[in-house]
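J.: Each chain, written out:
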Amino acid sequence: MSRPLESDRDLIRTDVRAWLAEQEAKELLRFITCGSVDDGKSTLIGRLLYESKQIFDDQLAALESDSKRHGTQGERIDFALLVDGLSAEREQGITIDVAYRFFSSAKRKFIVADTPGHEQYTRNMVTGASTADLAVLLVDARKGVLTQTRRHSYLAQLVGIRRFVLAINKMDLVDYDQGAFDAICADYRAFASRIGIEDWAAIPVSGLNGDNVMGRSEATSWYTGPSLLEHLDAVPLDAAADAAKPFRMPVQWVNRPDQNFRGFSGQIAAGAIGPGAEVRVLPSGRVTRIDKVVTMNGELDAAVAGESVTLTLADEVDCSRGDVIVAASDPPEVSDQFEATLVWMADEELLPGRGYWMKLGTQSVTVMVQQPKYEINVNTLEHLAAQSLALNAIGVVEIATDREIVFEPYGVEGSSPNRALGGFILIDKLTNATVACGMLHFALRRALNVHRQHLDVSRETHATIKGQKPAVLWFTGLSGAGKSTIANLVEKKLAARGRHTFLLDGDNIRHGLNRDLGFTEADRIENIRRVGEVARLMADAGLIVMTAFISPFRAERHMVRRMLPEGEFIEVFVDTPLAEAEKRDVKGLYAKARAGELKNFTGIDSPYEAPENAEIHIDTTKLSADEAADLIVEQLLKRR
Amino acid sequence: MRETVAEADRPVMLYSIGKDSAVMLHLARKAFHPSPLPFPLLHVDTTWKFKAMYALRDKVAADPAIKLIVYKNPEAESKGINPFDHGPVHTDMWKTEGLKQALDTYGFDAAFGGARRDEEKSRAKERVFSFRDRNHRWDPKRQRPELWSLYNVRKAKGESIRVFPLSNWTELDIWQYILREKIEIVPLYFAAERPTVERDGLILMVDDERFPLDGEAAVMRKVRFRTLGCYPLSGAVESEAATVEEIVAEMLLTTTSERQGRVIDKDAGSASMEKKKQEGYF
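Chains A and B supply the protein sequences, listed in that same order.
1 is the number of the first residue of the first sequence in the working numbering; add one for each residue after it.
1001 is the number of the first residue of the second sequence in the working numbering; add one for each residue after it.
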């Protein structure tokens, strides 16, 4: 418990209820302090606590005895000892983690994240800054703007802090010289404009003596700006900006006490909501209205960003933990590939290609991180080539999630950052350690503002009407292996049994849908992706689809497999040895390829990656086309 | 709390019957309303709490929407461990060991506690989700970074997490909330005439006949308690404050900090809480 300001004591004596009401109305500002080990940061915070009368007499007595034992100020009180917590760091004389302090002024409550200055502790600073509205950067008046000052400015800005205070400390040691102060300001101004920090103020202080900490100091009569506390009382808060944004609420928990109540609990991340508001449930895209805003203290007419509520919806729609309820008219994007900044926080380096858990809002997915596009040198802000990211490294990467997630770009010019839907952590799947944090920039795929429309006639309905189970029979094999021939026979046999089918043939598709594509590796991948999408749509419509494409790469066949529900992708490997296919050469293509007239021909100068676990393996040297077709039909129909 | 319930297998709420527990329980009811609490309460009992605390505990447990588990370390019980004869061993066996045993016995993998960062220096660095290894040990170097409001609740079998939903509350926040939400707290927080004796500069309440008086007579004093634990270890303060408002006023105008009345922190100087935490104390 901390003591009230001196000025409040009379009110507490006479009307404590009125005083308590004043306390409840106070706004909350969260800020971080950063500086290097010797900038006197802990002393300044200790001074803030002391001057705002946040220290009890017994704590002060302990402080005095501690000061004599561990202190660095001789017989004087060492305010830093009020702040440094763990015994390990007392021994080392440095702060080694993020500590949170609480104090208040007449106008605001403050939570201070005290973050360390040592280079190896970048991760702690990023942690402390992630929830802060403002950063106080400590600068030693004798040393001026150091590399660390620039690094801390950059890191704070990286996690979305827009307001900065340059606390030029130890002014007592430069005789409160205005010239020293002005020189440091000019130096920082040049740097701030270079990295785009617009909102900053410099204040000359002495943590040791208390100059310009609470009130303005006589010693700096040339300084006309506010004291540190006056400034902290006046800066705008991010919470106000969040409330003005479109509505967003990540669903934390489905609240279902019995059959008669189904609510969705979460903390409102942005905007406001009330009964009747039209909302969209993402990623499904289903639109409905808010029925009630439920709390234990009664139903609300309106709730805003920061409040934890339970929403009931007008329609029975699928919605579970990880979904996001958003303003129907202004939804965020949905995607599965992004560019992001990563801050690596673990001793084990990033392994590009390995799957990590990604937690963003209440969504948990598997994510794969590509090799970094570049690493950022936090001291020089240069972009460096990088194979990986080590502890405290910052890099820009492309990431792919295993399913679509709802997101917003983290940084927004001129507004508060989208922390809830733009910030994420990565978790090692083996150790469960939090290994990185990240901020999403944008989705890599275009057309992502197109939201999926919910369809009332489902794929199950389509299939039921046709009385069959949809499937994609994916024929793969060398050119001339017999894919089209066998697929054609299979379709005839299925049609004869009254099955609804469709055959997508490679050559035919290349005359229409894919006539813009050539035969480079990239074009062949896109060719297969499009065919996969078309096959999936047809399967959604309830059809049994056959595709006859060489589809030489395992990765692309796997991609199509993942587009479809489990069990619907049936890979048919039409296995004809190259020599046999070349001997048949029905279309005369092998001859052309051998003559060099056809480039990138599979089997000749482009590889064919045979399936490893095809559902159906047809050896054309042993089976006739008709026998093969019978076998496939039999396999298909015995599926349950 | 919702994050924990959504991601942990067997959450539990540690219920100490004090004012912070009362606030935490109230918040939990709000978080899950209209559902009943999706986890039980666990009281790690030392058999030395104040009678008034047991009375409130039993009243809370009478609510059909609440399941309360009371756990007493059988070894401490059989050996008759008590604060008068056994000193620091009392807290160690009943509370620290008792808690570990209870969590292991029921297989709880996440436990809510009411600790706040403003209470004590080493608490200021505590995470909201504090990770404990298989032996319930707290390793300050292995704590996970907590960014934004994203909490990593994943852990291996046998490991557990202590969750502190009140981390960023101050003591004044607690009292304001009790007042605003009309939360019932143990009457010992309010001043009343109580039988007391002085020991080592602390005013202790003679709550039952187990208090060894050696012929000394208990003195009636108008006192209240700022924190509640085992009654022989909880120092009272002389006070006239009989309402929450009066407590707040009195507290704000006095000059001693909250944990002052507790014997427990003084065992090994100011680093003692940190040491206790490493050993598994909550």
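Any given hint might turn out to be false.
Here are the simulated DSSO-like cross-link-like pairs (lysine-lysine), alpha carbons at most 30 angstroms apart as the crow flies [to be verified]: (1) B:Lys1072 / A:Lys429; (2) B:Lys1157 / A:Lys429; (3) A:Lys109 / A:Lys26; (4) A:Lys107 / B:Lys1030; (5) B:Lys1059 / B:Lys1157.
Everything labelled a hint here was simulated from the structure, so no lab data went into it.
J.: Confirm or reject each hint.
T.: Now for the hints, and whether the structure bears them out:
1. B:Lys1072 / A:Lys429: It is violated: about 37 angstroms lies between the C-alpha atoms, which goes past 30 angstroms.
2. B:Lys1157 / A:Lys429: Status holds; Cα separation ~13 angstroms.
3. A:Lys109 / A:Lys26: 6 angstroms, holds
4. A:Lys107 / B:Lys1030: 29 angstroms, holds
5. B:Lys1059 / B:Lys1157: 35 angstroms, violated
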